[in-house]
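Trainee: Sequence:
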Amino acid sequence: MIYVFPAIFGFVLTLVFVLFALKFFPKIGLMDRPHLYGLKREAIPYYGGLIIYTAFLISVLVFVPMNTHVLGLLLAASMVMFIGFLDDMWRISPLIRLIVQFVAGVVLFLFGIGILSVKVPFLGVLDFTGFIFEGFFVLSGLFTVFWVMTILNSMNFVDGVSGLTSGVTFVASLTIFALSINSSLHENPSSQVAVATIAIILAAISLAFFMFDFPSPKILMGDTGSTFLGFLVATLAIFSGGKVATAFLVLGLPILDMVWVVLRRVFVDKKKFWHGDLKHLHHRLMDLGISQRKVVSLYLFITAVFGFAAVSFVSLQQKFFMIMALIVLMILLATALILLPKRR
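For what it's worth, numbering that gives the first Met the number 0 labels the leading residue of the sequence shown as 0, then goes sequentially.
Bear in mind the hints are in silico, worked out from the structure with no lab data behind them.
Keep in mind it's a predicted model, so treat the numbers as computed, not measured.
All C-beta atoms, glycine included, are put in the ideal place defined by N, C-alpha and C.
One should not assume that every hint holds.
[Claimed, not checked] Listed next, the in silico DSSO-like pairs over lysine-lysine satisfying Cα-Cα at most 27 Å (straight line):
1) K217 <-> K26
2) K293 <-> K217
3) K22 <-> K217
[Said to hold, decoys possible] Computed Cβ-Cβ distance ranges for the label pairs, DEER-style:
4) I57 <-> F101: 23 to 31 Å
5) A324 <-> L287: 31 to 39 Å
6) F320 <-> F132: 35 to 43 Å
7) M65 <-> L85: 22 to 30 Å
8) S77 <-> F23: 21 to 29 Å
9) F132 <-> P33: 30 to 38 Å
10) P33 <-> S92: 19 to 27 Å
11) L262 <-> P25: 39 to 47 Å
12) F101 <-> V265: 16 to 24 Å
13) L60 <-> F307: 30 to 38 Å
14) F23 <-> K293: 30 to 38 Å
Taking the hints into account, I'd like the entire structure generated from these sequences.
Mentor: Structure (structure tokens):
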């Protein structure tokens with residue numbers, strides 16, 4: 000019952016804020032610009048990420064006891080949200096965005112949120128505490144920042160189709176919540192109460208926003224929302240005991256899609272990896288004539304299946320084989336998308 004009220008509060012608060020934004024944002028010009036992308040439709044409210052951020056901030060302040068970790072999370076997440084908002088407003092340089100994301104990851108680490116080790120199937124444990132400088136585990140800090148930036152940007156990449164980012168965030172945060180309340184996975188289950196509360200708040204907020212994001216978007220979250228949500232999911236995975244393998248399972252499609260797109264941009268298209276295009280997995284599926292609704296539904300179904308596997312399969316070896324299955328699935332999808340002709 001301790002998690003019911005935070006979930007209801009976050010859900011209802013988001014609904015109220017979205018309904019307010021639908022009326023108020025058009026009056027102050029917070030709208031998207033579809034003509035810039037060759038889209039022939041009416042402008043709709045933009046900057047929905049501000050709603051997600053505000054609802055999350057209020058909910059956490061109301062229901063989660065403040066400590067160093069929570070404060071670090073809120074500070075770093077606010078940095079990510081702010082640079083995302085500036086990018087939505089004025090198109091900030093990709094390099095500046097990456098620098099701010101890097102600094103946000105460092106802030107997390109300085110507030111005690113870090114990945115100290117990673118269990119690798121059949122190889123043992125990779126320890127990141129071996130190199131210490133000025134009292135800090137340098138390798139742990141670097142890996143933590145790398146992890147956060149990877150998840151953050153992979154979630155941002157899937158925001159090309161309405162409903163994907165909010166839907167994936169819902170599945171991911173619900174998975175982290177389920178793992179956090181499983182007392183058999185933690186030496187000190189009481190330490191996971193804050194993590195579980197934050198995760199269920201995020202799940203509720205994402206679900207509420209998803210209702211206006213899919214199938215026909217009435218409001219867009221922008222980079223303000225997608226990067227903020229990605230950052231939260233990455234951080235919660237660390238919070239919940241460094242469940243990197245688990246998070247990789249749930250976010251496997253966005254991560255592998257990002258890797259695929261970046262490699263293709265750099266080595267095939269010979270351009271900088273941050274130059275956007277319409278060749279993501281979801282775009283290629285729509286090129287085959289699959290409707291946007293079906294693409295999002297398929298994407299979320301696969302994510303949910305692997306999320307269920309992450310909760311059900313406890314052993315690291317089981318998760319390893321599931322990750323391998325996910326990689327094989329992605330390779331098969333990529334091969335099919337390359338070989339099959341596009342819709343004319």
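Trainee: Does each hint hold? Answer for all of them.
Mentor: Here's how the hints hold up against the structure:
| no. | hint | in the structure |
| --- | --- | --- |
| 1 | K217 <-> K26 | holds (15 Å) |
| 2 | K293 <-> K217 | holds (18 Å) |
| 3 | K22 <-> K217 | holds (11 Å) |
| 4 | I57 <-> F101: 23 to 31 Å | holds (28 Å) |
| 5 | A324 <-> L287: 31 to 39 Å | violated (23 Å) |
| 6 | F320 <-> F132: 35 to 43 Å | holds (37 Å) |
| 7 | M65 <-> L85: 22 to 30 Å | holds (27 Å) |
| 8 | S77 <-> F23: 21 to 29 Å | holds (22 Å) |
| 9 | F132 <-> P33: 30 to 38 Å | violated (49 Å) |
| 10 | P33 <-> S92: 19 to 27 Å | holds (24 Å) |
| 11 | L262 <-> P25: 39 to 47 Å | holds (40 Å) |
| 12 | F101 <-> V265: 16 to 24 Å | holds (20 Å) |
| 13 | L60 <-> F307: 30 to 38 Å | holds (32 Å) |
| 14 | F23 <-> K293: 30 to 38 Å | holds (33 Å) |
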